[in-house]
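Student: So the protein lines, in turn, are chains X, G and W. 1 is the number of the first residue of the first sequence in the numbering used here; add one for each residue after it. 650 is the number of the first residue of the second sequence in the numbering used here; add one for each residue after it. 977 is the number of the first residue of the third sequence in the numbering used here; add one for each residue after it.
Possibly wrong hints are sitting among the right ones.
[As the list claims (entries may be wrong)] Below, computed lysine-lysine pairings styled on DSSO-like, alpha-carbon distance capped at 30 Å: (1) K825(G) / K736(G); (2) K1211(W) / K453(X); (3) K983(W) / K1250(W); (4) K257(X) / K1250(W); (5) K1211(W) / K471(X); (6) K453(X) / K471(X); (7) K459(X) / K447(X); (8) K459(X) / K471(X); (9) K736(G) / K760(G); (10) K447(X) / K471(X); (11) K760(G) / K852(G); (12) K471(X) / K983(W); (13) K1250(W) / K1026(W); (14) K447(X) / K1211(W); (15) K825(G) / K852(G).
Please keep in mind that the hints were generated in silico from the structure rather than gathered at the bench.
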Amino acid sequence: MAEASTATAPAARPRKRSSGRPDNLGLLLNNRLATAGLAIFALIVLTALLAPLLPLPDPDVTAPADRLLRPLSEGHLLGTDALGRDILSRLVWGSRVSLAVGISATLIAAFFGSLIGLVAGYAGGRVDTLLMRGIDMVMAFPYILLALAIVAVLGPGLLNALYAIAVVNIPFFARNIRGIALGLSRREFVDAARLSGKSHAQILFIEVLPNVLPVIIITMSTTVGWMILETAGLSFLGLGAQPPQADLGSMLGDGRKILFTAPHVSIIPGLMIFALVMSINLIGDGVRDVLDPRLKSGALTRPVARTAVMRDHAPGKFLPSPGAVLDVRGLRTEFHFGREIFHAVGGVDMRLGQGECLGIVGESGSGKSVAAMSIMGLVPTPPGRITQGVALLDGEDLFSVSDERVRQLRGSAVSHVFQDPLSTLHPLFTIGDQLIEAIQAHQPLGKARATEKAAELLKLVRIPNPAERLKAYPHELSGGMRQRVCIAMALAGDARIIIADEPTTALDVTVQAQVLSLLDALRRENNTGILFITHDFGVVSAICDRVAVMYAGQFVETGTTAEILSSPAHPYTAKLIDCVPVLGQPERRLDAIEGRPPVVNDLPVGCRFAPRCPRAREDCRTGPIPLTRFGAGREVRCIHPLTREAADA
Amino acid sequence: MPEAPLLSIEQAEKVFGGGRTLFGRMRPAVHAVQDVSLEVRRGETLGVVGESGCGKSTLARLIVGLDAPTGGRIVFDGRDLVAEAGKDLRRLSRDVQYVFQDPVASLNPRKTIRTILEAPLIHLLGLDRTARESRLSELMDAVNLAPEFLDRYPHEFSGGQAQRIGIARALAADPKLIVLDEPVSALDVSVQAQVLNILDGLKTRFGLTYVFISHDLSVVESVSDRVAVMYFGRIVEIGPARAVFGSPRHPYTHLLLQSAPAPGRRSLVSEDAETELPDPYNPPPGCAFYARCPRGTDMCNARQPPLDEVAGETAHRAACFHPHEGR
Amino acid sequence: MSAYIAKRLLAAIPVLFGLTIIVFLIMAMIPGDPATAILGSYATPENVEKLNRDLGLDKPLLQQYLIWIANLFQGDLGRSYTLNRPVLDEVLERFSATLILAGTALVLCSILGLIAGVISAVRQFSWVDKTITLVVLIGISIPSFWLGLLLILVFAVNLRWFPASGMYAIYGGGGPLDLLHHLFLPALTLAVVATGVIARLTRTAMLEVLRQDYIRTARAKGVTENRVIYRHAFKAALVTVIPVIGIQAGFVLGGAVYIETVFQWPGIGSMLVKAISTRDLLLVQGGVLVVASAYVLFNLAADVLQTVLDPRLR
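With the hints as extra help, turn the sequences into a complete structure.
Tutor: Here it is as C-alpha cells:
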C-alpha cells in the first residue's frame, strides 16, 4: 500500500480553477450591476460620513425669506424646503441618519435572530419548538403593523423606530438561520466533532457557525435595504425622526403636505432613498450570487429540452451496421464551463441489436451516463453539448433530426429508466397521471382507455392491485415499487430500446434481484434492446450479453460478458474485476488500483490509463491508442494487452 | 471459557418517536433496534450486514454513544460506559471511535485537515502542541497520506483520501474499538480496495477491534471473522463468517446470498413475492420476514422466533422456527 | 383532506389566542400610567382614576386579561376617546375598506408576479429576462409611499386620469365603477413590492425545478416542452411560491398603512397612524388585533392551498 500515497500525492494538487477558493471580492466586481451598486453606495456613504467636513450650510437653520426655492437656485443647488432650509444639506445629513439607523437595526436583528436560529436549529427538540413557536407568534403579525404597535407603545421617535424595525426583522434571521443550522446539525461532521470530544457550545460556535456565516451575510445584505426603507416609512408617517432631527423619511413626509405646490421637496429625498436602497440591493444580489453555491455550480441555469448538437464538421454518410437497431459512431460530448472544456465522452461507438443487452461498465466520472444520455439528447445544455458523431436509430441520425422528431421518439422508440426512482417520479402527480401521460404522449387514446392501459402496464411489471395503485403518489410506494413504476413507464410506448442508467444502484440487494429479473424477462418477452449502465460487474453478469468497459470518456474494451469476465485483455478491466471482493471467496487478496482517474479537462496524451497501469511502457504515452480488434466480436484499446494465455493461467 | 468480551450488548432497544403529544394522543413509534444481544471479542472483526432500514446504522450509533438506547445495556470492557455517555461522551470516545459512511460530509468543509485531526487530540487526550505535532505525522503515515495534506481543506480531496482522513481521525484518540459504518459504500470500486487494505493493516498494527457495518455481502465476507445479519431491527442470524455465508440457516440470509450479484453468476434467484419490508409503524406480531418467507407457517406469524443456537454448531445462532439444514 | 383542513383550523385557534395575549401585553407594557398615556398629560386626576377603574387597570394582570377577553367575545373592544364611538364599529368599517384595497393588490401581485417569474425563467438570460429582473429590482427598492406620490403627481395632477385621493368621489360618487376608478392607483402602488418579491421567487423556483430529475423523466417520456414547463414545472414551483404569497399578504396589509395615508384611503392603516399620533391606544389595540387575525386566516388559506397541491404534506 505504500505506493498509494506516492501515486496519489500529485493527483491531489488542488485544481485552482474549479476547486480553489476564488477571490470573492474579485467575483463580486465581475458583476457589472453589483459594481455599479457598490460605487453608488460608496459615494453615498462617503458623503454621509464626511458631512461635517463638507462646505454645507447648517441643515437646521431656517430662512423664511428663502422658502421653497426651486432646485439650481443661487446658493441652494437642490433648492429649499418650506422653512427655507437647504435641501442638499438636509439630504446629506438625513442620509447619515437613515444609514446609521438602517445598519444598526440590521446588526441588532442579525445578532439576535441568528443566535435564536442557531440555538433552535442545533438543539432541536423542545428548545426548537419553544423558540420557533415564539417566532411564529411574532410572525403572525403583519410586519409593519407590529412595528407600528411597538412604536405606539414606546412613543414616536427615531430610536424607538429603530428598535421596532429591528424586532420585527428578528424572525427573518431566526427562520433562515434555523433552517440552515438544522440541516448542518444533522450532518456527519457534527457527530464527528462530538466524538472528537467537543462540547455542544464548541460545536455550535466553532463547527456550525462558520458554515452558517455566508447565509447570515446574504440575509443581511438582502434585508438592510428593506430596513432603511421601513425606517424611512415610519418617519414618513411622523412616527420616526422627530423635528428638528431629520432623516430621509421625515423629509419626504414634510414635503408631502406641499406636494402640489413644491413637488421637489418630496421628490428629492424619495429619489435619495430609492438610490440608496437600489444600490444596496444590487450589492446584495451580487453578494448572494458570489456566496450561493447553487449559483456557482450552475444549478440555477435552465436546461433546454434537448442537448445542443454543435458538430465541428458535418458527419459523412453512415450506413447502419447490419442487425443494429441503434448504431452510435464517434460520439463526443463535452461540458463547457466558461472557458474550460470537460471531454466527458471522447469518441464512443456502440451498437445494440434487437433484444440484446449491452452493459456499459465504468467508475463514476468515466462518462458512461453522459454517453447514454447523449443518445436522446437528455444531457443538460448548458453546459453539455454534442460535438461529434452520429446516433443512427434504424438508420435515422438522431443528432440531425428536428426537436419535434426527437420528442416523438423519446418514450416510444427509445425509453429510459433512471437511477433514483424517488427523484425521477414527479412528487405531485399520481402514478396513474404519470403513466397515462406517457401513454397519451404517443397514442391518441381517451382517458378511460389510457387508464386501462396504465393498469395493464402495472400488471406487466408485477405490481399487485394495479387499479388501486394508479391512485397512489410516488412517496406512498417503496423503492422497489417505484422503480417498477418507472419501468412500466418505459414500456408505455412499446419501446425498441430501453436505456437504463444504474436502475438498481439505489435499491437493496433483494429488491435489485427482483428488478433485474423483471427487466431480463421483459426484454425476452418483447424483444427490447437494453443499454444498461452500471459500475458493478456482478450486475453485468446477471443481465448483459455484451459489455463495454469505459474509462475516462472512452471504451477500453468490448466483448461478450463471459469472455471479458473470464479473460480480460485490458489491464484496467482486469484490475476493475480484481479490486472487488467476490462472494464466496473471502480469502481473495484485493488488488487496489493506485491513483485516480484523470480529470477529463486535462487528459494525458497517450493511453488514458497509462499513469495507473503496471504494464505501461514508453510507447503507451506517446500518442492516442486506437480501439483494435482482439478476436471475434472483441475490441481492446491497448498495445500491450494481457494475452489470453496469461489471463487463463 | 475465553476471555471477557470487549463489548457486549444485552437486549438493546431503540425506539424513535413514541410518547404522547401535548394533548395526550399517542405518537407513532418505530422500533429501529429491538432485542439485540451480541458480543464483540477483543481483536476480531464483527460484520453486521443488512438492507436499508434494518437498524444497522442505529446500532452503530448506540455503540459509539451518539444515541442512547431506550432499553437494554451496552457494556464496554466491563464498564457500562454507554449509559454514562449521555453525561460525558468523552470517556467512551477515548475507547470507541466511529468511521462515517460519507467521507466528505463527515469533514467540516471550513476546517483544515490539521484542525480536524487535532480536535480529538486536544479534547480527548489533552496533548500539548509538540505531542500533537508528532501524533499528527504518525496518523498521516498510518493512513498513507503525505504530511503536507494537513493544511488543505476537505474539498481538495477525493472520496478515498477523505475516507482515509476519517479513519485517521478515528485512530487519533488511540481507541480500542472502531465502529465502521458503511466505510466504503460511497467510494468507487477501485478505491474501495485501497481503503479496505489500509483498514486491514491498521488492525494488526494497532491491535484494534472492528465492528464493520455494510449492506454489501461480499465486502463483509472478505473482512469479517464473525457476522450478524439484521432484518427489521433484529438480529436474525449470527455466527462465524464462514458458517453464516457457507451454510446460512435463516431463510432471509439465504435470500440475501442468492440475490447478491457476483461476476460470472448468470441468474439471480429472485423471490416471487412483491412484498418488501413490513410497515414499521404497524409491525407484524411474529417473524418480520414471514410475508416473504417460503418456509413460513402459522407459528411464524404468531410469535417471534428466538435467536437460538443451530443444531451442531455452538457459535452459530438463527432466529427461525424452520431453519435451513446445514451443508 | 377535509380532516387536514379541520386540523389546521383547530391549530389556528391557539395562534389567535396568542395574538390576543401579545396585543394585550403590548398595551400593558406602556411605560408609566396607562390611563394618563391614553388620556394625555392634560387629563384631570379624576378622569385618570375613572378610566383606570373603567379599564380595570387596578386589578392584577391576569384578571385584566380575562376581563378584556370576555369583553372581546361580546364584541366590546372599548370606546375610542378621540372619536367617541365603540372601537369595534370604527375598526370594522375601516377594515372593509382596507380589505378591498389589500385584496385587490394581493390578487394583482400574485398574477403579475407569477407571470413575470415564469417568463423570466423560461427565457433565462434573454433580454426579456434581463428587463424583468431589472424592473423587479427597481420595484423592490422603490419606497412605496414615494411611488404613490409620484403616481399622484403624474396621473392625478398632470394627466387627471385618476382621482388623487379617497375611495369615492365626494359629489355624485358611489357605485363599483367609481370605486374601481379610485382603487386603481393605490392598489397598483401597494402591489409593486409584492409583485417583485413573488416574481423573483417564482423565477428561482422554476429554475430549480427545471433541473430536477423528474423533469428529465417527463422529457424522456416524450412530453411536449410546453407541457413540461406549464404542467410539470409550474405546479412544483407553485408549491414553494404559495407560502410566500401568504407572507406577502402580511406585507400588503401592513403596506396599506403607507398607501392609505398617501391616498387618504379611509382604511384601517390611516386610522392606525392617526390613532397612534393621538395616543388613542384602545383604537390601536382593536385595529392591530383585527388586522393580525385577518393575516392569520390568510396564511391558513395559503397553507391549505399548498396542501391541496402537495400530497406529501397530507
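Student: Identify every previously stated hint that the structure contradicts and give their numbers, smallest first.
Tutor: 3
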